[in-house]
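**Q** If you read the protein sequences in the order shown, they are chains A and B.
Taking this note's numbering, the leading residue of the first sequence gets 6, the next gets one more, and so forth.
Taking this note's numbering, the leading residue of the second sequence gets 447, the next gets one more, and so forth.
Honestly, the hints are just simulated from the structure, not real lab data.
Backbone N, C-alpha and C define an ideal beta-carbon position, used for all residues, glycine too.
Some hints could be false.
[What the hints assert, rightly or not] As a list, the in silico DSSO-like pairs of lysine-lysine whose alpha-carbon atoms are at most 27 Å apart:
{"id": "1", "chain 1": "A", "residue 1": "K46", "chain 2": "B", "residue 2": "K550"}
{"id": "2", "chain 1": "A", "residue 1": "K71", "chain 2": "B", "residue 2": "K550"}
{"id": "3", "chain 1": "B", "residue 1": "K527", "chain 2": "A", "residue 2": "K46"}
[To be verified] Far from chain A, by Cβ distances over 10 Å, these chain B residues were calculated:
{"id": "4", "residue": "V456"}
{"id": "5", "residue": "T457"}
{"id": "6", "residue": "V464"}
{"id": "7", "residue": "Q471"}
{"id": "8", "residue": "D498"}
{"id": "9", "residue": "R512"}
{"id": "10", "residue": "Y516"}
{"id": "11", "residue": "E523"}
{"id": "12", "residue": "S529"}
[Claimed, not checked] Taking beta-carbon pairs under 8 Å as the criterion, some of the chain B residues facing chain A (in silico):
{"id": "13", "residue": "S479"}
{"id": "14", "residue": "F491"}
{"id": "15", "residue": "Y494"}
{"id": "16", "residue": "L546"}
{"id": "17", "residue": "K550"}
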Amino acid sequence: GAVVSQHPSRVICKSGTSVKIECRSLDFQATTMFWYRQFPKQSLMLMATSNEGSKATYEQGVEKDKFLINHASLTLSTLTVTSAHPEDSSFYICSARDRWQVDGYTFGSGTRLTVV
Amino acid sequence: GQSLEQPSEVTAVEGAIVQINCTYQTSGFYGLSWYQQHDGGAPTFLSYNALDGLEETGRFSSFLSRSDSYGYLLLQELQMKDSASYFCAVDSSGAGSYQLTFGKGTKLSVIP
Numbered sequence: 006g007a008v009v010s011q012h013p014s015r016v017i018c019k020s021g022t023s024v025k026i027e028c029r030s031l032d033f034q035a036t037t038m039f040w041y042r043q044f045p046k047q048s049l050m051l052m053a054t055s056n057e058g059s060k061a062t063y064e065q066g067v068e069k070d071k072f073l074i075n076h077a078s079l080t081l082s083t084l085t086v087t088s089a090h091p092e093d094s095s096f097y098i099c100s101a102r103d104r105w106q107v108d109g110y111t112f113g114s115g116t117r118l119t120v121v
Numbered sequence: 447g448q449s450l451e452q453p454s455e456v457t458a459v460e461g462a463i464v465q466i467n468c469t470y471q472t473s474g475f476y477g478l479s480w481y482q483q484h485d486g487g488a489p490t491f492l493s494y495n496a497l498d499g500l501e502e503t504g505r506f507s508s509f510l511s512r513s514d515s516y517g518y519l520l521l522q523e524l525q526m527k528d529s530a531s532y533f534c535a536v537d538s539s540g541a542g543s544y545q546l547t548f549g550k551g552t553k554l555s556v557i558p
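Pulled out of the complex, with its shape left as it was, chain A reads as follows (with noise of 0.2 Å):
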């Protein structure tokens, strides 16, 4: 089945650096992956919309200039989190579905952020 790899799994930064996370569709080509940030104990909130070769869609409130995506091949989109604060400690997690797919989204296995 579809494959959607994640990494990190884990990071802990500091405040005002950058973080990068990286997902790639490992067995088919993904034209759009979506980003999530979860906090505990609360649901999946999208982020943004990410398309291969175009701009991101970013949802109402998110910070396009903060949380940078880039989706720069058909297998491959990564989120940076630029001049990371505490706040932005959550889980970050992407999906993303193969065309031939007609029923469910496959996630990545997600990336917790700590920011010290």
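We have chain A; now place chain B onto it with these hints.
**A** Just chain B now, with coordinates in the frame of chain A:
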């Protein structure tokens, strides 16, 4: 906009049956899906309903009524490992792309 309602917590006994309901309001609807998420992990896909009726996959079944904007996930022969959060999600279109909107999740606790 999109909104989904599901119970926040459910407790059930091992071996029993539990039903988790989900009602939704959405613009643009392609289907209702269910995901399971264990603490600290990523969501995993359980089921998808595009048409009215019941879909069965092993111990799990999912139902959809599009006219009622309602669906449910049915878990049978509950096992301890089924303790997790369960999210319903509407598969809809927006900005030219498909996307998922998640409910707030139902935390299922299975007790001996």
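**Q** Each hint: holds or not?
**A** Against the structure, the hints come out as follows:
no.: 1; hint: A:K46 x B:K550; in the structure: 9 Å, holds
no.: 2; hint: A:K71 x B:K550; in the structure: 25 Å, holds
no.: 3; hint: B:K527 x A:K46; in the structure: 18 Å, holds
no.: 4; hint: V456; in the structure: 15 Å, holds
no.: 5; hint: T457; in the structure: 16 Å, holds
no.: 6; hint: V464; in the structure: 20 Å, holds
no.: 7; hint: Q471; in the structure: 16 Å, holds
no.: 8; hint: D498; in the structure: 16 Å, holds
no.: 9; hint: R512; in the structure: 16 Å, holds
no.: 10; hint: Y516; in the structure: 19 Å, holds
no.: 11; hint: E523; in the structure: 22 Å, holds
no.: 12; hint: S529; in the structure: 14 Å, holds
no.: 13; hint: S479; in the structure: 5 Å, holds
no.: 14; hint: F491; in the structure: 3 Å, holds
no.: 15; hint: Y494; in the structure: 3 Å, holds
no.: 16; hint: L546; in the structure: 6 Å, holds
no.: 17; hint: K550; in the structure: 5 Å, holds
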